[in-house]
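There are 2 protein chains.
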Amino acid sequence: MSLRLTILGCHSATPRINAFPTSQYLEINSRNFLIDCGEGTQRQMRKYKVGFSKIDHIFISHLHGDHYYGLVGLLSTYGILSREKDMHIFGPKGIKKATMQMLKISESHAKFNMVFHELSSNESELIFEDDKVSVRTIPLKHRVYTNGYLFTEKEKPRKLNMLNISGYPEIDRADYLNIKAGKDVVLSSGEIVSNLELTLNPPKPLSFAFCSDTCYKPDIVPIIKNVDLLYHEATFLDDRQGLAKKTKHSTSIEAAKIAKEANVSKLIVGHYSGRYKDISLFKKEAATVFENVDIAETGKVFSVD
Amino acid sequence: MSLRLTILGCHSATPRINAFPTSQYLEINSRNFLIDCGEGTQRQMRKYKVGFSKIDHIFISHLHGDHYYGLVGLLSTYGILSREKDMHIFGPKGIKKATMQMLKISESHAKFNMVFHELSSNESELIFEDDKVSVRTIPLKHRVYTNGYLFTEKEKPRKLNMLNISGYPEIDRADYLNIKAGKDVVLSSGEIVSNLELTLNPPKPLSFAFCSDTCYKPDIVPIIKNVDLLYHEATFLDDRQGLAKKTKHSTSIEAAKIAKEANVSKLIVGHYSGRYKDISLFKKEAATVFENVDIAETGKVFSVD
Numbered sequence: 000m001s002l003r004l005t006i007l008g009c010h011s012a013t014p015r016i017n018a019f020p021t022s023q024y025l026e027i028n029s030r031n032f033l034i035d036c037g038e039g040t041q042r043q044m045r046k047y048k049v050g051f052s053k054i055d056h057i058f059i060s061h062l063h064g065d066h067y068y069g070l071v072g073l074l075s076t077y078g079i080l081s082r083e084k085d086m087h088i089f090g091p092k093g094i095k096k097a098t099m100q101m102l103k104i105s106e107s108h109a110k111f112n113m114v115f116h117e118l119s120s121n122e123s124e125l126i127f128e129d130d131k132v133s134v135r136t137i138p139l140k141h142r143v144y145t146n147g148y149l150f151t152e153k154e155k156p157r158k159l160n161m162l163n164i165s166g167y168p169e170i171d172r173a174d175y176l177n178i179k180a181g182k183d184v185v186l187s188s189g190e191i192v193s194n195l196e197l198t199l200n201p202p203k204p205l206s207f208a209f210c211s212d213t214c215y216k217p218d219i220v221p222i223i224k225n226v227d228l229l230y231h232e233a234t235f236l237d238d239r240q241g242l243a244k245k246t247k248h249s250t251s252i253e254a255a256k257i258a259k260e261a262n263v264s265k266l267i268v269g270h271y272s273g274r275y276k277d278i279s280l281f282k283k284e285a286a287t288v289f290e291n292v293d294i295a296e297t298g299k300v301f302s303v304d
Numbered sequence: 000m001s002l003r004l005t006i007l008g009c010h011s012a013t014p015r016i017n018a019f020p021t022s023q024y025l026e027i028n029s030r031n032f033l034i035d036c037g038e039g040t041q042r043q044m045r046k047y048k049v050g051f052s053k054i055d056h057i058f059i060s061h062l063h064g065d066h067y068y069g070l071v072g073l074l075s076t077y078g079i080l081s082r083e084k085d086m087h088i089f090g091p092k093g094i095k096k097a098t099m100q101m102l103k104i105s106e107s108h109a110k111f112n113m114v115f116h117e118l119s120s121n122e123s124e125l126i127f128e129d130d131k132v133s134v135r136t137i138p139l140k141h142r143v144y145t146n147g148y149l150f151t152e153k154e155k156p157r158k159l160n161m162l163n164i165s166g167y168p169e170i171d172r173a174d175y176l177n178i179k180a181g182k183d184v185v186l187s188s189g190e191i192v193s194n195l196e197l198t199l200n201p202p203k204p205l206s207f208a209f210c211s212d213t214c215y216k217p218d219i220v221p222i223i224k225n226v227d228l229l230y231h232e233a234t235f236l237d238d239r240q241g242l243a244k245k246t247k248h249s250t251s252i253e254a255a256k257i258a259k260e261a262n263v264s265k266l267i268v269g270h271y272s273g274r275y276k277d278i279s280l281f282k283k284e285a286a287t288v289f290e291n292v293d294i295a296e297t298g299k300v301f302s303v304d
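Chains as they are written, first to last, in numbering that gives the first Met the number 0: chain R, 0 to 304; chain H, 0 to 304.
Next comes chain R alone, as it looks inside the complex (with noise of 0.2 angstroms):
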């Protein structure tokens, strides 16, 4: 399984018992990141077994309290188990001075570097790259500075085509990595084995975004265009489209009218407000626009293969 989300909270602000802020904890391609951190996230990776020594990338889309207020806790508990690598946050401008004002005031005293990467660009931007996967913010408007992200796979070696390869006895262990790296085979007669002849495209790179939380801002379409998955926030439902604007939320009929253009593969929607004791009516109205969609719901896991 090479993409695997799981909700660690997906409510808004107000706190209620179940709800928990956002938060959530993204495996793609052996990569662990967090995403937001909402009040209580800490508590929230133990309950889902989130292995904290995994993560060395932490990506913040905005500085409200629901996103945000967990990570000098989850810092500062980071300091207490000693851990010694470095931490990448990547967040909004003024994101490292508050978090370290409030780390120093409580005498945090953490072994390792925590490596700020603060963002204020409104164009979407590479912020992280390495052999397994790419991330690019998704400028989003909402009353304060946010962004999403996006994570992609790098495209992955091709895979050995097993039924042709014995075809030529000659070829061998020690050839595979070669194959892999799409090299073609030369026989000891001279022949040239095409690398395309022994092998099978890769599987196709996987891609998940996260919008939370936005207006309507159809802009987004082009950078998320053809995702595997989406999440987007959808604070309302249809039948509260003024205070959606007002307060710079999506309903859940604009969440599913950006996967549609963006044909995008699954949505997730989340954020719910307080005043929905019916989640379900999130997914329905959804429906109505784009089919495959779900609902967020805390500790629930969606895969992608």
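It should be emphasised that the hints constitute simulated quantities derived from the structure, not laboratory data. Misleading hints may appear alongside valid ones.
Any copy will do: because identical chains look the same in the list, a pair fits if it lies in one copy or spans two.
[Stated by the list, open to error] Using 25 angstroms as the maximum straight-line C-alpha spacing, the simulated BS3-like pairs for lysine-lysine come out as follows:
no., residue 1, residue 2
1, 46, 276
2, 46, 299
3, 53, 179
4, 103, 140
5, 140, 158
6, 92, 103
7, 158, 216
8, 179, 216
9, 216, 283
10, 244, 182
11, 245, 276
Since the structure of chain R is provided, determine the placement of chain H on it from the hints.
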């Protein structure tokens, strides 16, 4: 019932699923106080049905995350709930700047005033007083500047001795307020009836002392002498005396010694280190020194009548 303490969280810093950091809700003589505010306190308040609007005073012992990192989220929520009343926050010097900066960066717009009372003295001082309750600091010794808090009921009005009053048909309801206030009654005959005859002693004013976090500090004994209820931290059992000393925490035996020396009516221990799976051992061990001891547990309520 004039004193009621609800434990919202009673564990030390490392996050675990059902181990919430320190916070307590105190109802005393019709006043309602929040003491300490670790991460997740606002959720615990909802869970244990603490009325948000009842609280006008928050007392923070020290600025370690497990006693303080829930404050900013709670204040932010009060903003969302459109609170208008002043909120008084008592805590170490520096609490205002750190808290306000966090609220500012989140653009949390509160309509209510946050009145910070910053503490820096190493002597016990009276920090709050009205007609019902007074609050004094209890200077503690921890790795950072820390105060415990002593909550004491004001002397209550004398109670009417209805049996004796009924012996004087001339005395009616209109006189009761004066009698409660301690005045004698002059009958139409000129005879003076002594207040002592018409009243009973008022109930003894109750008191609660909150002492967390601290190393063993016997010089607090005079301040908390004879309190009805003492919460004293016991992070470790006696097997970790060295660690207690190093981290400036107490053992259950040390908490019990303080309770015994101060002649308190009842001791509650809490703030257990995560290394202990069976917290009943804290009670067992403390009881070898001071018998009337109980353990803090999340959601537990202690009442004194």
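Homomeric proximity label, residue 46 with residue 299: Cα distance no greater than 25 angstroms: Answer is both; intra-copy 12 angstroms and inter-copy 22 angstroms each pass.
Same-copy or cross-copy closeness of residue 46 to residue 276 [CA-CA at most 25 angstroms]: Close inside one copy (24 angstroms) and across copies (17 angstroms); limit 25 angstroms.
Status of residue 140 relative to residue 103 across identical chains (alpha carbons, at most 25 angstroms): Between copies only: 19 angstroms across chains, 32 angstroms inside a chain, cut-off 25 angstroms.
Homomeric proximity label, residue 244 with residue 182: Cα distance no greater than 25 angstroms: neither (55 angstroms within a copy, 65 angstroms between copies)
Identical-chain pair category, residue 158 with residue 216, by Cα at 25 angstroms: Classified as neither: same-chain Cα gap 39 angstroms, cross-chain 68 angstroms, threshold 25 angstroms.
25 angstroms Cα threshold - placement of residue 216 relative to residue 179: Neither way: residue 179 and residue 216 sit 41 angstroms apart in one copy and 68 angstroms across, limit 25 angstroms.
Intra- versus inter-subunit Cα pairing at 25 angstroms for residue 140 with residue 158: Neither: 41 angstroms inside a chain and 64 angstroms across chains, both beyond 25 angstroms.
Same-copy or cross-copy closeness of residue 245 to residue 276 [CA-CA at most 25 angstroms]: For residue 245 and residue 276, only the intra-copy Cα distance (22 angstroms) is at most 25 angstroms; the inter-copy one is 49 angstroms.
Within, between, both or neither: residue 53, residue 179 at alpha-carbon 25 angstroms: For residue 53 and residue 179, the Cα distance exceeds 25 angstroms both inside one copy (28 angstroms) and across copies (67 angstroms).
Status of residue 103 relative to residue 92 across identical chains (alpha carbons, at most 25 angstroms): Classified as both; 19 angstroms inside a copy, 13 angstroms across copies.
Residue 216 and residue 283: within-copy, between-copy, both or neither at 25 angstroms Cα: Within. Shortest intra-copy distance 22 angstroms satisfies the 25 angstroms Cα cut-off; inter-copy 61 angstroms does not.
Violated hints, listed in ascending order, are 3, 5, 7, 8 and 10; each of the other numbered hints is respected by the structure.
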